[in-house]
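S.K.: Chain B is fixed; fit chains F and X onto it per the hints.
Protein chains in written order, with our numbering: chain B, 1 to 410; chain F, 1 to 410; chain X, 1 to 410.
Treat each hint with caution, since some may be false.
Intra- or inter-copy, both count: the list cannot distinguish identical chains.
Quick list of in silico lysine-lysine cross-link-like pairs, DSSO-like style, CA-CA up to 27 Å [said to hold, decoys possible]:
{"hint": "1", "residue 1": "Lys227", "residue 2": "Lys238"}
{"hint": "2", "residue 1": "Lys103", "residue 2": "Lys361"}
{"hint": "3", "residue 1": "Lys76", "residue 2": "Lys238"}
{"hint": "4", "residue 1": "Lys98", "residue 2": "Lys361"}
{"hint": "5", "residue 1": "Lys180", "residue 2": "Lys103"}
{"hint": "6", "residue 1": "Lys230", "residue 2": "Lys242"}
Hints are computed from structural coordinates only; laboratory data are not their basis.
Each chain is listed here by its residues.
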Amino acid sequence: MPPSKQRAVEQLIASHQTGYALDQAFYVSPEVYQREIDTIYLKHWLFAGHDSQIPNSGDFFTFEFDTESIIVIRDKDNSIHAHMNVCRHRGSRLCLDKTGTVKLLSCPYHAWSYNLSGELIAARNMPADFERANHSLHKVHVELVGGLIFICLAPEPPSLAPMRNDLDEVLQHYGFDALKIAEQKSYRIPANWKLAVENYQECYHCAPSHQEFAQVHAMARAPDEFKQLKTEFWQAHKNDLKFQQHNYYFDLAPSACEGYQYDRNPLLKGCVSGSLGGAAVAPLLGDISAYDGGASELMIGPVNFFLLYDDHILGYRFLPLSLDECACDVFWLVREDAEQDKDYALDTLTWLWDTTTQADKAIIMNNQKGVSSRFYRPGRLAEMEHFQQSFLNWYLTNLNKVNDNEVCDK
Amino acid sequence: MPPSKQRAVEQLIASHQTGYALDQAFYVSPEVYQREIDTIYLKHWLFAGHDSQIPNSGDFFTFEFDTESIIVIRDKDNSIHAHMNVCRHRGSRLCLDKTGTVKLLSCPYHAWSYNLSGELIAARNMPADFERANHSLHKVHVELVGGLIFICLAPEPPSLAPMRNDLDEVLQHYGFDALKIAEQKSYRIPANWKLAVENYQECYHCAPSHQEFAQVHAMARAPDEFKQLKTEFWQAHKNDLKFQQHNYYFDLAPSACEGYQYDRNPLLKGCVSGSLGGAAVAPLLGDISAYDGGASELMIGPVNFFLLYDDHILGYRFLPLSLDECACDVFWLVREDAEQDKDYALDTLTWLWDTTTQADKAIIMNNQKGVSSRFYRPGRLAEMEHFQQSFLNWYLTNLNKVNDNEVCDK
Amino acid sequence: MPPSKQRAVEQLIASHQTGYALDQAFYVSPEVYQREIDTIYLKHWLFAGHDSQIPNSGDFFTFEFDTESIIVIRDKDNSIHAHMNVCRHRGSRLCLDKTGTVKLLSCPYHAWSYNLSGELIAARNMPADFERANHSLHKVHVELVGGLIFICLAPEPPSLAPMRNDLDEVLQHYGFDALKIAEQKSYRIPANWKLAVENYQECYHCAPSHQEFAQVHAMARAPDEFKQLKTEFWQAHKNDLKFQQHNYYFDLAPSACEGYQYDRNPLLKGCVSGSLGGAAVAPLLGDISAYDGGASELMIGPVNFFLLYDDHILGYRFLPLSLDECACDVFWLVREDAEQDKDYALDTLTWLWDTTTQADKAIIMNNQKGVSSRFYRPGRLAEMEHFQQSFLNWYLTNLNKVNDNEVCDK
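Same shape as in the complex, but just chain B (with noise of 0.2 Å):
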């Protein structure tokens, strides 16, 4: 980018005013829209999936955002590797489907073979003093968190370990390790990634937009009455293991590490789980013994979203697919050992959030319109959308970092 166009991207960052919504050149900037590329999609870690979409040696599924692609596969050790979708050669992509199982990876145009761990050995007929040894596929960083997998695609990715250590035993509680992907939906929106991502930030659209969720989840509520809800629901379960708080999200995540949150939220009377009225729909998580009535954030990273139901656990990830148009990704994930239409079906499971889903994209569509006039100007934020103005200014300060060299110590 043309250090004059740097510049106005630095002077559009600078003039933001705390409080308010984003200024329109953020959403319709092709410099913006590349920084932001650069400084989040290719620097922090993204939910690419679960490792029983891959159990078996060879097996692969690719993710894909903006112009690029991930091989996401198992190697014969049984080890997860990610690797860049793009030939040494001359640059094809390997892999054409988005799940297979392979022996190799060989390129469909010229043959070129790389092994599952991303090493050239094949290439026929080329020059003396070529090494193979140089043209391993490029590498993308993986790590488990239970079965979720987690990719990215910076040289020096920012730090879990913070989370881990928060997290684990939660996690293992939720049996992270034991879960399987039920359905999986991917919701093409046209609109810029962030209006789709602030959407999943404030609940303050719930009680107009959402009656669906407003009728099973607390937070929908009006800010004094969820609070007395929460203060309650907490007081009922002081000391179990599900009750607790982690809020190193967005602005509050410690330096060069990566950012996340864990927090439980009471549901409304009678409702014990994400779904039509708050029914069960499927058997109870890890070493869940019984429903309690509230369901727990979780994230990690800044655009991988998790809502952990005492039965199953919603996946969303938001993910650009160009200046305009995004994806928004949902899992539903339930106990590795659930057999569907017995122990759960999947019109009741996925039900709530595919409605609620379909209403935001609907929702997001609009707020895309409206902030392509030129009349739009940023409005006064709500007190509801204080997790989106944490998100501003993470993002704000995250743009900033072209050139970045923090270390994490925490």
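M.R.: Quick look at chains F and X alone, frame taken from chain B:
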């Protein structure tokens, strides 16, 4: 826009050669397009619709061009307002449908609610220092010409007073206060909007391209023949109210006042209206007591054109959708007390101009393809293109008025 | 283009490393693309079609790439002209259909009319000082090679004389004067045009990607085996007219003359033509009296390639449609006196190269996706990619020739 790009546009304007078509850059440059929106579509009066579309309190329709959407709505006191369709909170569109009836303008996102005159009357959970009074919807100017609704997005719109002084009487004679929309069609054309307006400005193409029109309108004849027919026509009707000329269109518009034109032209022998063979198609308008074999041209503002037959009125408006797409919206208006299928038939009423507009759409598309060629050179204009020449003169002058503070003193 | 962007392109060209694939910017930069149109497609000879397509006076076809459209038309004296399909008045396309027959080139907009040689012969109502003689259609150079029609949009096209001196005899032997188009297909590929040309330039991918081709053509074998097969083939036919080599392609082209190539390669044992299993598919061409088990490569200009089997000829041409879309147009030519369904069947004739081109389309699309990744790095080329290397050398040198005044002195 960076100063270097501004200068490039100004040099382009300065280099135009009078008597010739526009240079390619005017049709393909995003910077020129942005200037056009700023200096034409955000500064001049636009024909939005007719008050018969919104008879009752709370009735609204939306009006859209480029990235903009405007709500035109009737208030409880019967007045008509126009508001930008952008919530003052996070920018969502407020009205998602093209027409409807509401009690309040309530945002579908977070339920901020505005009364019909655009004042914010409800916003939950806002900080203590938040002032609703500062958060009215962005107001758009509205003026009625008879029942025709015009809007202007400029802070200080050009004056319509000179037009009213000259035309009130004749428009009343036509019954502009008592019309209704019989039909409305929108033609999307994959071409720069100016090619569509230029097409509307000249009848040099009528004879070769529009035989249906040419069988009815004397204007399609060679200039000398047309001039003679017009002279005879005016001599036969010299005292009639409809026979007037007011030529303040385009570069003839008085400074800072909105341009306008009224003129009357003969139809061909035996023709009385704009239809197959020139036959009558609807009840006579207003105070008109008999067909006189003519039709009047009316222009109010630079992109709104009307054709006044004795028994119906055509409304034409040209709107940019993007650099290379525009809409030509056509309205057929009849007496408000005329009954469809009894007093007029839609297919008979709309045939001539639907046929003609479809032909023009094809012409304009092919014009766009040609001016996109590296080998296109602006050609010499014919004498029959003098209205187009006037449009181009005005267009180029107007495009330079980025910061204009003229006063209408007519 | 602003000087700063010109310099950026020149730095990009200078930074290319010989022996490697192109940098990403060559595939995604609008400035590079514009330079390519200017220095390649507007400066070199393009294969437009065959004179059998327009047998009679007034017959025309149009030829299109990027924003350009050219009319190729036969005049009354049997000569063939090419004109830019852009009216000299307001720029409309003149010919809207892909093929047709006309008496005059009459503009569908305002009826300006040109004779078949492009002179303006009628324009109504123009100012007194208007001179028709200055308003001929923009002329495009035409040369025939046998019945093949080549056009060049440059004011002074590169000379085809060296090609003619070398190849006239062998092309006559193939009956280039007496061919017809049996079939013509256009494959639209969502990729930058260079990825398609590069694909055509190398047979490194033939063995892994094109088993149908590899069962017929020795060229798909490993280089040593191919070399030996070719040597034996040439020794067996050393005096035959078809056995010639003229390698003046790409960077080997003589200065300011158009590049060309002719060479003959063996098919595999038992194969005589380009078809399923190498079977004969049409009557022998020209003066050829018997199959010899070979096929000749012919290139005339940088983006036009021919494959001469003994019984039919393939024509390939690559045209940019936009930065990231191109057309690969394929022509199957047979003797003009061959009768369809009697002497040849279309499906048999076209099977091999339709199959191969569809496979290449998929390959090229995946290549485009990969080079669009931020992690794509230009890889080392294989020895079997030496034609591609020659193309790249020429391409980069040619791209710098923005203002070139060389003279062909061969």
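S.K.: Hint by hint, which ones does the structure fall short of?
M.R.: Number 3 - this is the single hint that the structure violates.
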